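Keeping their order, the protein sequence lines are chains H and L.
Quick note on numbering: the first sequence equals residues 1 to 245 in the numbering used here.
Quick note on numbering: the second sequence equals residues 1001 to 1300 in the numbering used here.
Quick caveat, the hints were computed from the structure, so don't treat them as lab data.
Remember, it's a predicted structure, so these values are computed and weren't measured experimentally.
A couple of the hints might just be wrong.
What the hints assert, rightly or not - The following label-pair restraints were derived from C-beta to C-beta distances:
#1 H:R108 - L:L1254: 33 to 43 angstroms
#2 L:N1096 - H:N21: 27 to 37 angstroms
#3 L:T1273 - H:E174: 45 to 55 angstroms
#4 H:E133 - L:T1113: 46 to 56 angstroms
#5 H:N21 - L:A1149: 45 to 55 angstroms
#6 H:K59 - L:L1156: 32 to 42 angstroms
#7 H:H184 - L:N1096: 36 to 46 angstroms
#8 L:I1274 - H:E5: 51 to 61 angstroms
#9 H:E133 - L:L1156: 27 to 37 angstroms
To be verified - Covered by chain H, per the in silico footprint, the following chain L stretches (three or more residues, Cβ under 8 angstroms):
#10 1175-1187
#11 1191-1198
From the three backbone atoms N, C-alpha and C, an ideal C-beta is built for every residue, glycine too.
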Amino acid sequence: MNLIEARSVVLAYDGRTAVSNLTFDLEEGDYLCVVGENGSGKSTLLRAITGDITPAGGKLLISPVLKKHGIGYLPQQTAIQRDFPATVEEVVLSGCVKGDSFGLSWKRESKKRAAEAMELLKISSLSKTCIGELSGGQRQKVLLARAMCASDRLLLLDEPTTGLDPASAHELYETIGKINEEKHCAIVSVTHDIQCALEEARHVLSLCRGHYYFGTVEGYRAHELHDAELDHSMHHHHREEEPVQ
Amino acid sequence: MTLSEIFSSSFLLDVIIKALVVGILVSVCSSVLGVCLVLKRHSMIGDGLSHVGYFAVAVGACAGVGGTFSMEIAIPIVIAAAVLIFRLAKREGKLNGDSACAIVSTGAVAIGTLLYNLTGGRSGDICSSLFGSSSIVTISTKDVILSIALSAVVILWFALSYKTIFAVTFDDNFSRAAGVKTEVFGLLLAVLTGLTIVVGMKMMGSIMISAILIFPPLTAMRLTKSFKVTVILSAVISAVCFIIGFFLATALSLQTGAAVVTVELIFFAITATIAYAVSKSRIRSRGKSAANGNIAEQEI
Ligand SMILES: Nc1ncnc2c1ncn2[C@@H]1O[C@H](COP(=O)(O)OP(=O)(O)OP(=O)(O)O)[C@@H](O)[C@H]1O
Ligand SMILES: [Mg+2]
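Start from the sequences and build out the full structure, keeping to the hints where you can.
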């Protein structure tokens, strides 16, 4: 079975629809890039996948594999409290909680996993720092490392490059691509940085106003070009992405 | 009564020991659970539940079962309210969690007071349920057993699932996605908090009980940056403050709850001042460059 199968899914807050009639699949090891303007329902979709909100209609099937192995989730805004008493290492380790929940201290495997994740994101030197003392970008990396500890089947990343400098952002996309390829870990990544994301992604889900698109990256580029022609006179923001071959 | 009088009477000594056991255990439970409440920004839940406790005592008193404080009536009511309040606290939207809790808690106080009025309850009853019994003689063996059982559950829960508690307290959305049963955590936290409030209310009073949920964690957080140490320190501070407050109250004939909370307040003020002074001096020695973030943070 696919990791996720969405069939005519409707997502709503207090009866107000945020996403309507959405259909897509996520295969094991896939890399799906979710795009769309502000308020189009990208974060809402991820929250539905994590089980935080239940669909108001349609079917959203989450594979038992994910129930068993968990999902690594990087929320868009985490209201991390500056005063929360925890070090970077403790936070990254807390990603391992699903497989290592019993008792007071962490298993050796968990510690190794956390150390590897911190190594990969180049935050090992911060491991003893208090989480409240980090910059926005450093914190983003810590939370990403935590997500990487939580699952090797699916990472849900909601704007992972928020707050990262351009070099770090580029490096991050490469890292995510590497995780996807080497560990066959599926990725669902929400982003506004379309060019960068398309280099790594295999499928695209676009939640742009009214006309949803789900398909391969190549298909999306053709679709975008078509759209841009339609919107030619409207100075639609898609024009900026026109020079794509 | 003076301390020497107490130690010369075996009856008084028995009462004192019972009260001390209940008080220390309740202080430990409340401060440990309080760490989660404070860090999850759920301080108002403790407050709301203590008001429901007042309501529950009113119901018990008016039904005329088991004297002024009827555990049999209070426990189910407070547990039900705990579950309800935690459901409400998660709400987003028109009526958010904060306001929903406020409605439940103030509603409970109003209806509880009306119950006293309608059934001709004495104002002394209202007073003792608000501020705690004026005499610790009312602490019974049942209270002692309940508080031992409760603290055993709380301490075991923390010892066995410390990592889950940390993960969920830090970020429940992430934990849910990772596969942790966050609802079970929320429910347990709510029910245990409710029980702690019921058990502690007789001594501390419903107004004061929510203070012992939040003061020790807030004090501990000034002193350490590790979650584990915060939990332990919070329990120690809470127990020490209770003991000091309790003996002050006994020796000077003060209300126990008020004395304990005042001691906790003093502890908090002292640690906050020290933490502030330390951060100031660290900034001075480090120079202005690196420390800007720290000032803002420590001042709060
Ligand atoms: N907690 C909430 N309660 C009510 N409505 C919400 C809530 N969160 C989001 N919405 C609404 O749902 C719609 C989709 O929001 P969502 O956060 O999913 O957008 P998004 O695509 O992630 O936007 P962005 O690019 O700004 O992150 C918006 O119209 C928003 O107003
Ligand atoms: Mg979003």
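Checked hints:
One distance hint, 33 to 43 angstroms for the beta-carbon pair H:R108 and L:L1254, is violated here, with the actual separation near 53 angstroms. Range check, L:N1096 to H:N21: about 29 angstroms between beta-carbon atoms, so the 27 to 37 angstroms window is met. Roughly 49 angstroms separates the CB atoms of L:T1273 and H:E174, a value that falls within the hinted 45 to 55 angstroms. A beta carbon spacing of about 47 angstroms between H:E133 and L:T1113 agrees with the range 46 to 56 angstroms that was offered as a hint.
Against the hinted window of 45 to 55 angstroms, the Cβ-Cβ separation of H:N21 and L:A1149 comes to about 53 angstroms, which satisfies the hint. A beta carbon spacing of about 41 angstroms between H:K59 and L:L1156 agrees with the range 32 to 42 angstroms that was offered as a hint. The hinted window of 36 to 46 angstroms between H:H184 and L:N1096 holds, with their beta carbons roughly 42 angstroms apart. The supplied range of 51 to 61 angstroms is met by L:I1274 and H:E5, whose beta-carbon atoms lie about 57 angstroms from each other.
Restraint check, H:E133 to L:L1156: a C-beta distance of roughly 33 angstroms satisfies the suggested window 27 to 37 angstroms. Using a Cβ-Cβ cut-off of 8 angstroms, 6 residues of the segment 1175-1187 of chain L lie near chain H, which meets the minimum of three, so the contact claim holds. Remark: the segment 1191-1198 of chain L is not confirmed as covered by chain H, as 0 of its residues place a Cβ nearer than 8 angstroms to a Cβ of that chain, below the required three.
The structure fails to meet hints 1 and 11 from the earlier list, while all remaining hints are met.
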